[in-house]
Structures are given as structure tokens and as C-alpha cells.
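All residue numbers for the sequence shown refer to our numbering, where the first residue is 13 and numbers rise by one.
Mixed in with the good hints there might be a few duds.
[Claimed, not checked] Straight line, CA to CA, 30 Å or less: simulated DSS-like cross-link-like pairs of lysine-lysine:
(1) Lys165 - Lys75
(2) Lys75 - Lys169
(3) Lys75 - Lys150
(4) Lys169 - Lys150
(5) Lys165 - Lys150
Honestly, the hints are just simulated from the structure, not real lab data.
From a predicted model like this one, the values you see are computed outputs, not experimental measurements.
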Amino acid sequence: MTNPDATTPRVATQVAVAAAGAALAYYVGARAKTAKRAAAQRRAKAVAEALATVLPTDVAHHKLTSVVVRVPATTANMGPGFDTIGMALDIWTEISVEVAAPLAGDASNLRRVTLTNEGEGASELPRDETNLVIVGLKAAFRAAGEEMPRHVKVHCKNRIPFARGLGSSSAGIVGGIIAGLALAGMRLPVQGREELLQIASEIEGHPDNVAPAIYGGLQLGIFADNRWYSSRVQIPDGLQCVVFIPDTTGPTSVARAILPPNVSRQDAVFNIGRTAIFVNAFRSGNLDELRFATQDMLHQPQRGAAQYPHLEPLINAALGAGAHGCFLSGAGPTVLAITSGRAGDIFTQQLAERQENKVANAMREAAAAMGVSGCVFITNPDHRGAFIVRAEPRFSNHSVARYEGDIADL
């Protein structure tokens with residue numbers, strides 16, 4: 013009599029090979045000593061990689077019918093790091109995508125996307141396929157090799173101010189891509205989020221917004237060997253961001269058109285040196301270095317003169333009130349100041365020692381003196397990056413492994 017639970021000879025062989033490989037890796041790792049340990053670990057890794065080519069990589073696609081994704085705001089072009097340095101902020105946009113049933117009596121093959129917005133920029137954001145969430149969705153299905161569903165409903169709860177230099181475009185792109193890949197049932201290659209970086213950066217054209225939106229934290233991004241790369245820099249404990257957001261918008265396309273096609277060697281050297289000090293200030297925790305390490309010659313002077321007369325007065329006001337550094341966020345018009353208080357970690361300080369409220373008041377007063385209306389946020393860096401809040405049907409254990417840490421809260 014055939015046992016219905018018995019595996020086929022091929023699968024049984026694969027399981028046996030897997031078990032043998034795991035045992036070998038454990039044995040080698042456990043027995044290796046000092047200098048031999050590194051070589052043993054390399055051999056164990058080679059065994060695991062060889063097994064990966066034998067065993068099935070995906071038993072079945074786990075396609076979803078709906079997914080909800082949250083993506084953080086980002087500040088990019090940080091100080092001298094034009095198009096290269098960005099940081100995620102604890103301000104969020106939530107994107108819900110649902111595969112909808114065809115309308116009653118609709119026998120056409122036309123693709124229909126219903127898109128609604130609420131919150132920041134709700135009346136300004138496009139409601140058609142030019143919306144960057146839809147652009148991200150389409151890119152995700154192309155990457156997955158799947159056809160996009162014919163009927164899709166998208167709803168965006170926007171808490172990230174629109175066209176203010178806080179990464180609203182990148183949040184839409186990243187959220188759309190993550191939702192699309194999840195709906196397509198794609199098993200992400202490489203490290204999952206690393207492939208997200210490739211897709212999102214190709215759409216955005218630079219990684220300084222999309223990398224922190226995906227990974228969280230402070231990210232350095234470059235393009236090399238036909239791929240986008242990003243590297244995390246540690247953020248000191250207790251760092252605060254004071255964000256002045258003008259009521260007027262600053263479209264990135266307009267802000268980029270202002271910049272000259274070439275820069276002088278003197279300006280290039282100016283920014284290179286300050287970029288090095290900027291990164292070291294974060295790594296070492298010596299944030300006082302940011303006072304001059306947030307200076308820039310590649311875009312802030314040009315944009316300040318042509319678009320944002322409030323920029324220099326707000327920077328001076330923030331520094332005068334005790335901010336470590338201050339700069340134009342993204343393409344503007346938002347201005348962001350970094351604070352932490354005299355003792356470094358704000359959680360060990362008395363209220364009188366903390367600088368964020370003083371800096372916020374100074375920036376607000378400077379803006380009012382310039383006739384610039386707006387609001388001030390005091391927020392923290394976000395270390396997590398974009399994540400899936402919930403999905404239907406709920407993820408199986410197989411999918412949890414597939415999506416790594418993105419759905420730990422489900």
C-alpha cells in the first residue's frame with residue numbers, strides 16, 4: 013500500500029542531501045578552532061550554496077489579494093551629500109492595494125485602476141497611472157514576470173508633505189513596488205530589499221531617498237558596475253530632527269533645472285571634504301562637527317538664491333539656537349536642523365539642556381521675519397524602513413521566511 017505522505021525519490025534525495033549538508037556545516041563550525049574557524053565557515057557556506065542549487069527554491073507562489081505597506085519620509089541631499097546621503101524620518105505614508113473583482117457586466121479586457129488619496133497633497137496628487145504608486149506597482153509586476161491584475165484599488169494615507177523635499181515621491185515608488193511584488197507572489201532574489209533598491213533607484217534616478225525609505229536609518233548610496241549600492245551609517249542615540257516645512261511647494265524638476273551642468277574643482281573639493289567629516293561625525297557621535305560638515309556648494313547656494321530666500325536665514329537661526337547642523341532637505345523648500353542637546357543622548361538630559369524646542373522656535377521666528385508661512389515638526393530618525401503592515405490572505409511560514417524581517421509584526 014502506498015503511503016500518501018511519502019515523498020518522491022527525488023525529494024527524498026534532496027532532503028537527505030540537505031540534512032547531510034546541514035550536519036556537515038554544523039560539525040565543521042563546531043570543531044574548528046581559532047585560525048581554522050574562518051576556513052571552516054567558508055567551506056560550510058560553500059556546502060549551503062551547493063545545496064541551494066539542488067533543492068527547489070520556491071514550492072509555490074503565494075499571491076495575495078490585498079496588502080498594506082508603510083513607508084517613511086526621507087531627507088536627502090544631506091549637507092554636502094548631493095544625490096548620495098539620505099536618512100529616514102519617523103513620518104509615514106500608508107499605501108493599501110487590493111485586487112478587486114471586475115465590475116458587474118464588465119466583459120472588457122481593459123485594465124482599471126481606482127486610486128484615492130487622503131491627507132497631505134490629496135487634491136494635488138494624480139489619480140491616474142502617472143501616480144508614482146502605480147508606476148511602482150507596474151515596475152514590480154514587470155520585475156516579477158507577472159501580468160498586473162486588471163482591476164486594482166489603491167488608497168494612500170499621506171502623512172508625508174507633498175513636494176516639500178521630504179521624499180513623498182520615493183515613498184510612493186517604494187510602497188508601490190513592495191505592494192506589487194507581494195501581490196505578484198514574487199520570491200525576491202539576492203537579499204530581497206537589495207533588489208528593491210535596484211528597481212526603485214532606476215525609477216527615481218538616484219538612491220539617496222529610496223535607500224533610506226527601504227532600509228531605514230542613514231544611507232550612503234552610489235552607482236557602480238551597473239548596480240546601485242547603499243551602505244548604512246550608524247546614527248547616534250538621541251538625535252532629533254527639527255523640520256521647518258513651508259506652505260509653498262518646491263517641485264524637484266524645477267529645483268534641478270536651476271543647477272549648472274558643471275561644477276568647479278574648488279567646489280568639488282569643498283563638498284568632498286565635508287562629506288567625509290559628515291560621515292565621521294555620525295560614526296563617532298561628535299555631532300558638533302556638523303556645524304561646518306553640513307555646508308554645501310553644489311546645490312544649496314543656487315537653490316537658495318533662485319527659489320528659497322528663507323534658506324540661509326533659517327540655517328543661521330538654527331545654528332545660533334544650538335543646532336549641530338542645518339541644511340536644505342532634498343530639493344526643498346523644507347529646512348532640517350539636527351539637534352541632540354549638550355550631553356549627546358537626550359534621554360539622559362534635563363529639559364533645560366535640550367535644544368530642539370529652542371531651535372524650532374528660532375526657525376519659526378526667522379521664517380516669520382521673512383514672511384514665509386509654514387509649520388515645524390520635531391521628529392526622530394526611523395531605523396526600520398518600509399514594511400508590510402498586513403496582507404490577505406495572511407502569510408504562511410514559507411512566506412515569512414521569504415519576506416525576511418518585513419512582516420515581523422504580523
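Can you name, in rising order, the numbers of the hints this structure does not satisfy?
-> The structure breaks none of the hints.
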